[in-house]
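Put chain B on the given structure of chain A with help from the hints.
One-letter residues, chain by chain:
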Amino acid sequence: ILNVEQSPQSLHVQEGDSTNFTCSFPSSNFYALHWYRWETAKSPEALFVMTLNGDEKKKGRISATLNTKEGYSYLYIKGSQPEDSATYLCAFRRTDKLIFGTGTRLQVFP
Amino acid sequence: EAGVVQSPRYKIIEKKQPVAFWCNPISGHNTLYWYRQNLGQGPELLIRYENEEAVDDSQLPKDRFSAERLKGVDSTLKIQPAELGDSAVYLCASSWGRNTEAFFGQGTRLTVV
Numbered sequence: 296i297l298n299v300e301q302s303p304q305s306l307h308v309q310e311g312d313s314t315n316f317t318c319s320f321p322s323s324n325f326y327a328l329h330w331y332r333w334e335t336a337k338s339p340e341a342l343f344v345m346t347l348n349g350d351e352k353k354k355g356r357i358s359a360t361l362n363t364k365e366g367y368s369y370l371y372i373k374g375s376q377p378e379d380s381a382t383y384l385c386a387f388r389r390t391d392k393l394i395f396g397t398g399t400r401l402q403v404f405p
Numbered sequence: 005e006a007g008v009v010q011s012p013r014y015k016i017i018e019k020k021q022p023v024a025f026w027c028n029p030i031s032g033h034n035t036l037y038w039y040r041q042n043l044g045q046g047p048e049l050l051i052r053y054e055n056e057e058a059v060d061d062s063q064l065p066k067d068r069f070s071a072e073r074l075k076g077v078d079s080t081l082k083i084q085p086a087e088l089g090d091s092a093v094y095l096c097a098s099s100w101g102r103n104t105e106a107f108f109g110q111g112t113r114l115t116v117v
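Protein sequence lines correspond, in order, to chains A and B.
Each residue of the first sequence is one higher than the one before, starting from 296 at the first, in the numbering used here.
Each residue of the second sequence is one higher than the one before, starting from 5 at the first, in the numbering used here.
Pulled out of the complex, with its shape left as it was, chain A reads as follows (with noise of 0.2 Å):
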């Protein structure tokens, strides 16, 4: 059994705030790390695909860091705003299987 883990299960800030979020996965036979926002009523949007120890990427004030050797990532956003609000959800894949954890609900107040 492959468990994808994430932390907090959700959080609530202030706009402004920075905020970070862990996903914890196998550090065997890695393949690749995904993560998604879910906002609600919408479709889950890809926001980062993750393949190689010690990748940083970065999408406007959200950032990703990948440690395969120890199996996390960790997602941060800058400045937190209410339009972040969704469920971050990261997704491990090994070959062929995209296993998924449980999410991050954010809920970001003005």
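Simulated from the structure, these hints should not be mistaken for laboratory data.
Among the clues, some could well be false.
[As the list claims (entries may be wrong)] Here chain A is said to cover these stretches of chain B; the calculated rule only asks that three of the stretch's residues, wherever they fall, bring their Cβ under 8 Å from a Cβ of chain A:
hint, segment
1, 48 to 61
2, 99 to 110
[What the hints assert, rightly or not] Just a sample of chain B residues kept apart from chain A, beta carbon distances all over 12 Å, derived:
hint, residue
3, Val9
4, Gln10
5, Lys20
6, Val23
7, Ala24
8, Gln45
9, Leu64
10, Asp67
11, Ser70
12, Glu72
13, Pro85
14, Gly89
15, Asp90
Values in this document were obtained by computation on a predicted structure and should not be read as measured data.
Where is the CB? At the ideal position from N, CA and C, for every residue including glycine.
Leaving out everything else, chain B in the frame of chain A:
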């Protein structure tokens, strides 16, 4: 370019009734996935198609669930008969190949009463 299209968006049915979901993937995407997301859980793979062939259906409850992807394009997922525990969001996704980024539809939220 249109994304992955799913219908219906919402469905409420009584238990023991049949239900079907439809998915139109992004044009040219060979790989199609059906996921189920239960409340408080991450999406779990039900079935994956490479063109019209189901290559991974190990998580599909075959006693009541069935799926097809005729001509390797659109796909339908059926439940017959539905049970209360089938209430979930059913997501369809597609990708160019099995190891490339998957693009998701908006999902169908099923409520079985």
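Here is how each hint holds up against the structure:
1. 48 to 61: holds (count 5)
2. 99 to 110: holds (count 8)
3. Val9: Since the minimum Cβ distance to chain A is about 10 Å, B:Val9 lies within 12 Å and the statement is violated.
4. Gln10: violated, 9 Å
5. Lys20: Fine: 29 Å to the nearest Cβ keeps B:Lys20 off the interface.
6. Val23: B:Val23 clear of chain A: closest Cβ-Cβ about 20 Å, beyond 12 Å.
7. Ala24: B:Ala24 is indeed farther than 12 Å from all Cβ atoms of chain A, at 20 Å.
8. Gln45: violated, 6 Å
9. Leu64: Correct as stated: the minimum Cβ-Cβ distance to chain A is 14 Å, above 12 Å.
10. Asp67: holds, 22 Å
11. Ser70: holds, 22 Å
12. Glu72: Non-interface label stands for B:Glu72: nearest chain A Cβ at 20 Å, farther than 12 Å.
13. Pro85: Given that every Cβ of chain A is farther than 12 Å from that of B:Pro85, nearest at about 28 Å, it holds.
14. Gly89: Correct as stated: the minimum Cβ-Cβ distance to chain A is 18 Å, above 12 Å.
15. Asp90: Consistent with the label, B:Asp90 stays out of reach of chain A, its closest Cβ about 19 Å off (over 12 Å).
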